[in-house]
Structures are given as structure tokens and as C-alpha cells.
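Enquirer: Letter by letter, the chains look like this.
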Amino acid sequence: MKLHEYQAKALLAEFGVPVPEGSVASNAAEAIEATKNLGGTSVVKAQVHAGGRGKAGGVKVVTSPEEAGAFADSLIGTTLVTFQTGPAGAPVHKVLCEQTMDIEREIYISITTDGGRKRPVVIASSEGGMEIEEVAQNEPEKVFTEPIDPAIGFQPYQGRKIAGALNLPADQVRPFVTLVDACYRAYMDSDSSMIEINPLVLTKDGKMLALDAKVSIDDDAMFRHKMMAGLRDTSQEDSLEVQASEADIAYVKLDGNVGCMVNGAGLAMATMDTVKFAGAEPANFLDVGGGAGEEKISHAILLMLSDSNVTKVLVNIFGGILRCDIAARGLVDAYAKADRRPPLIVRLLGTNVEEGKQILADSNLELTLVDTLEEAAAAIIK
Amino acid sequence: MSILVDKNTRLLVQGITGREGSFHAERCKAYGTNLVAGVTPGKGGSTVLDDVPVFDTVEHAIAETGANVSLIFVPPPFAADAILESADAGIPLVICITEGVPVKDSTFVMRYLEGKNTRLIGPNCPGLITPGDHTKVGIMPGNIHISGTTGVVSRSGTLTYEAVGQLTARGIGQSTCVGIGGDPVSGTVFVDVLKAFNEDPDTESIVLIGEIGGTKEQEAAAYIKEYVRKPIASLIVGQTAPAGRRMGHAGAVITGTAALASEKMKALEDAGCHIIPTPADIGRVVQEMLG
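Which chain is which? The protein sequence lines are A and B, in order.
Residues in the first sequence are numbered from 1 upward in steps of one, following the numbering used here.
Residues in the second sequence are numbered from 1 upward in steps of one, following the numbering used here.
The hints are simulated quantities; they were obtained by calculation from the structure and are not laboratory data.
There's no promise every hint is true.
Claimed, not checked - Over the 10 Å line for every Cβ pair with chain A, so calculated as not near, a few chain B residues: (1) Gly44; (2) Val228; (3) Leu290.
Said to hold, decoys possible - Here are the simulated BS3-like pairs of lysine-lysine, each with C-alpha atoms no more than 27 Å apart in a straight line: (4) A:Lys55 <-> A:Lys36; (5) A:Lys296 <-> A:Lys357; (6) A:Lys161 <-> A:Lys204; (7) A:Lys142 <-> B:Lys266; (8) A:Lys60 <-> A:Lys214; (9) A:Lys276 <-> B:Lys266.
To be verified - What follows is a list of derived Cβ distance ranges for each label pair: (10) B:Arg229 <-> A:Ala338: 46 to 56 Å; (11) B:Asn117 <-> A:Glu366: 52 to 62 Å; (12) B:Glu269 <-> A:Asp362: 42 to 52 Å; (13) B:Lys225 <-> A:Lys204: 47 to 57 Å; (14) A:Gln99 <-> B:Lys116: 43 to 53 Å; (15) A:Ile103 <-> B:Pro75: 45 to 55 Å; (16) B:Lys116 <-> A:Ala378: 47 to 57 Å.
Glycine included, C-beta positions come from ideal geometry on N, C-alpha and C.
Looking at chain A on its own, in the form it has when it is part of the complex (with noise of 0.2 Å):
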């Protein structure tokens, strides 16, 4: 779950993170006030799950509340596109107005969990404000990487090697050394999957705050955060994925015509890749899971369908846990409930899969049955 900027500040500010003063406007009589409280002058943000905000017009230094309140109406209600909201664009139903200030200098940080090491890592780079990966990848010498013992947590000696690592000035260490103390127990204790500061920075009067904060929660460790659900912005997702997520179903939507429906993630990718190599285009990514029974089975189904894109569908499914019968079940069920009818392709395979074939038949569902991935392949462009 990916926070908004203004929400992962205020979960760091709550571990002791030093977070530029602010708050968050929904209009623009908000926004004036906000500017107000903060002297007159302010940086309007839009809050957005994407990044890039500066580059598409979502950002901007105000020098009066009057133009806080006018930039703000222009942004909310409206959808910003950015390089990484795709063409679609992500709405704007709020802003965050925070203090200016004079920047000397501008580092990175982050935090996640290093799946070759097991273990936490803490990522810094002088390079401030750009994408970590592409400093990563034309000058990797200046990604500093420090891996945390969960054991024991972060130890005061290791901030003070990513501060030396960044050449910050002496009397900046001890500030530093307490801010990513700060951010580790804000990443443990919430479960993140990810906590980035880009950039922090230190102000010409010796400050140093986080000026951009994005923070994603691990999906799977919800069940011990309740109260944070109310932070999730559904607004902010493809609204069939939000309806998947709400039935447990690990849906993407993609560009593509060719609705897929298969059991298992691995597979679900695999049969991706061969609508791919057919010359197609896959219209989505659909894994309905393991346990899944008839009417999960169905519920996937139709949710697929009402991507209009979709004009052909495959259905992939290796019976292990998921019985055959019960896939072919539902696909009955699904498209009896259907109201439009792609053109369907489908593989059972495992678990009683003769009994599903039966089902198939016995339904004068008109599919195309096949055996192998090649023949789904040769199938799909027919």
C-alpha cells in the first residue's frame, strides 16, 4: 500500500523525523490558510502515488496565499500526468502546502529489505533528488549501501559510516545518526516495504529535513494494521484492480485485448509472456490463487470481462489445489452471467481434469479447447 506524501510525513515526523512545516489542503480556501499560518510564502504540492510531480506542473512556489488558493483550485479535481502515472493520469484530490527554504545541499535515503541479504538495507547517496536507480547505474561508486542486523537494529556507528560515506559536516553527524535511527523504527514498526527520502536536505541555517517522503506499507502485514487501512487511497488505482484487491483476487490491468485467467502467479506470468510470443497482447495479469472456489472463479471471470478491451480470453488452469471441476464450473457460471461473450480458449490440466472437461462439454459452451501452451498460442492469433 503506497502512502501520499503528507500521510508518510506525518507517520515519520511520529518516529522523530524532522519534516518541513505544513498541512494539507483539500481546496482552495485551505490552501490560502495553510499559506497563511506558514508567513505568506508557501510550496503547493499535489499528492499524487507517483512521482515526477515537479516535472508535470504539480509543484510550485507561491509567494502569496491568494496564489496558494489559485494554484491549488487549478490542480484539485483534475488529474496530473506524470512519467510514471502512465497517459491516464493520477487525480489530485489534495494538496500539501509547506514552508520554503533555502537549500545548501541535497542527499538521498532509503530504506527496504534486501531479499539477497535477508535484511534491511539503508541506501544513501549524495546525488539528492535524482532517481536512485539512475544514479545506481552511471555512478554506482556513489551508492552507499548498509545492511541492518534485525536483530539488534540499526546501531549509532553505522549512521555515523553512511554520514562519513557522505561527507556531511561534523556537526551534522549527530542530527543524521538520529534521523535514520528514526527511520528504522518507523520502517519496522509499520511494516514498511519501503521508506524514501529524496532528497533530505540541509538548509542554508543547519536544518536538516525530509523535503520528499514516499512510504509503502507491506500488503501482507495489514492484518496488524487496521488502523492504518483508512490511509489507502483507492482513488489512486485502476478501479478493476481495486475490486480485485477487495475479492482477493491479484489482478494488473495491461494494454492488451487478450484477457487472461489462470491459477498460480508464476503461471499467470507465463501465460503473459505466450500471448506475447503468439503476437498478441495480454489485456491483463490474473492469478485467482490457489484455494479459489466456483464463485471467486466467476467473480474473476466477469471482472475481467468488464475491461472493455478485452475481445478474446484465455483461461490457463494446472489443477493442484484448484480442482478442475471447480474452474470449469465457474466459467459456465461466468459466462451464462456475461453480458458479451469473447471469443474463449481454454486449458485444463491436473487435478480431475476429465470431470472439467465433462463440465465444458455438457454446457455447449462454444470454446476452443487445447492441451499444450503452443496450441493456446496458435489459438489466441487464429
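Dock chain B against chain A, hints included.
Expert: For chain B alone, kept in the frame of chain A given last:
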């Protein structure tokens, strides 16, 4: 002819009285696995599946039955606790099927296992199977496997079945098939399994199935280049996945260049692996590789 599980496996199932646990425990037993015990706190003293005793604790189950492999089916909030209980009781091999274990829990578990004699496979994995010894410790359909000398290792469940299905259709038998799971932090990674296959005299060739996300495949490639001389065929899926989106598996996210399918394929090809171009070609490429 195998790694990790064989005819000496004495299986314990944690969560054996649950819906998934009882269903799969029965399947494992029916396949021929020596299922010796179950553990469900509060249900100790009962029996399930005709003659399998249920215990309250893993420690008690080991003392009474000599169990040496544990298979876990408990819900995500309790999975880490179940793994730790088995490790603390000294079980050398623990397989966690549970999907949706928080990454932080897995991180703590892996830290606890450092220096201990317990190997964890998973979480979020299908388990493993040694067809030649009729030993299945997982949720895969047993009947698609045949005994042979090809080892299979994969991050996926159903895609492993797909691979095995294609191998079996061509008469290519398997020594052991291991699903390491789709989570970003997993107990056992490709390198661990490759090492075991490399040292197993009865595994003559290997199929490695990877996917987008993380760097496990690159680590595998580096190991292969240095140590493995057995022929390896490799498929990477997610070639059409968009960046930044989780493809079902928590670990299947393109977070940077290294996470791309193309980068992984390049690394494995450089290491001398036979690249399987599309998921439909698994059987064909392995057969050509074996000559």
C-alpha cells in the same frame, strides 16, 4: 536419486487439522510419504487420517515419532511462530506453504536460523517432491511426476507443474523438484538448491525457472558459472510484466534494471545455461539439451 527429501523422510504437518493442512497431509500420505505426526495446539492426543497422531507441540511430536521434516499450513499471522517452533525443536528441514507472511516476519525468522541446523524452504512455496522415493512434501499434484535424473527448481507453484508436465510428456523423469517460493525473503534460494543438485550423483541435469524481481537468478548465474558443470536449462517469466507492479507473488516486482526478465536471462546465458525462450518450450529445450 534425490536431494532434501527421500525414503528416510519422517513428515510432520503443522496445522494438520485445518482445511488445507488435512487435505494436503492426506495427499502426501497417499503418494507414499511417511507421514508420522501432526501438530495443532490444543488438539494433542487425537488422531487424524486413520492413524496419524496429533500433538500440541513440535517438541513432543519429535520425541514420540522421530519426525525430521516439517510442512507448515498455518495462517500468515502465525506462520513465523510455527517455523521458529520447528527450528527450536531441531527439525533439520522446514517447508512453509503459507502465502502472505509479512516480509518482516521472514526477516526475523531468517536471522534466527543463522548458525542453526535448520533449512527453511518458503514461505509461499509449493514444497518439494522426490518421485523415485514416493516422497511428496508439498501441494503439487503427485501424478504428473515420474522418476528420473533431472532436478527442477522454481520460484513458482503452478508454473513448476507446467514444467514438470512438459518434461513428463517427453519421458524426462525428475530426481527432485523444489519450489523455493515467490516471496522477496525466502529461506532457501536458487543457489542452495543448485549446490545440492550439483553434489547429488543422481541428478544429471537441472531446470531452473525464475521470474522478474530481486536478484536471485543473478546470484544463481554467478554460482553456476563458477561451480556447476551439469547441463542447465532456464526459463524466466514476466517478460511482458510492467515495471513497478506486483505480479501476484510479493517478490515479483520490477524495481530496477536487475529485476527485469531480460537481465536475468542474459546472466544465465552468460553462465552457460540453455535459455528456454517461451514457456511452451520447456520440454523441447530440455530434450535437446539432453541430446
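Enquirer: Hints first: check each against the structure and report whether it holds.
Expert: Quick rundown of the hints versus the structure:
1. Gly44: 27 Å, holds
2. Val228: 19 Å, holds
3. Leu290: Since the minimum Cβ distance to chain A is about 20 Å, Leu290 (chain B) lies beyond 10 Å and the statement holds.
4. A:Lys55 <-> A:Lys36: Holds - the C-alpha atoms of Lys36 (chain A) and Lys55 (chain A) are around 26 Å apart, at most 27 Å.
5. A:Lys296 <-> A:Lys357: 19 Å, holds
6. A:Lys161 <-> A:Lys204: 24 Å, holds
7. A:Lys142 <-> B:Lys266: This hinted pair holds, its Cα atoms lying about 26 Å apart.
8. A:Lys60 <-> A:Lys214: 19 Å, holds
9. A:Lys276 <-> B:Lys266: 20 Å, holds
10. B:Arg229 <-> A:Ala338: 46 to 56 Å: Because 54 Å falls inside the window, the suggested range holds.
11. B:Asn117 <-> A:Glu366: 52 to 62 Å: 58 Å, holds
12. B:Glu269 <-> A:Asp362: 42 to 52 Å: Distance hint for Glu269 (chain B), Asp362 (chain A) holds at roughly 47 Å.
13. B:Lys225 <-> A:Lys204: 47 to 57 Å: Hint holds: Cβ distance 51 Å, inside 47 to 57 Å.
14. A:Gln99 <-> B:Lys116: 43 to 53 Å: The hinted range 43 to 53 Å holds for Gln99 (chain A) and Lys116 (chain B), with Cβ atoms some 51 Å apart.
15. A:Ile103 <-> B:Pro75: 45 to 55 Å: 48 Å, holds
16. B:Lys116 <-> A:Ala378: 47 to 57 Å: Cβ of Lys116 (chain B) to Cβ of Ala378 (chain A): about 51 Å, so the range 47 to 57 Å holds.
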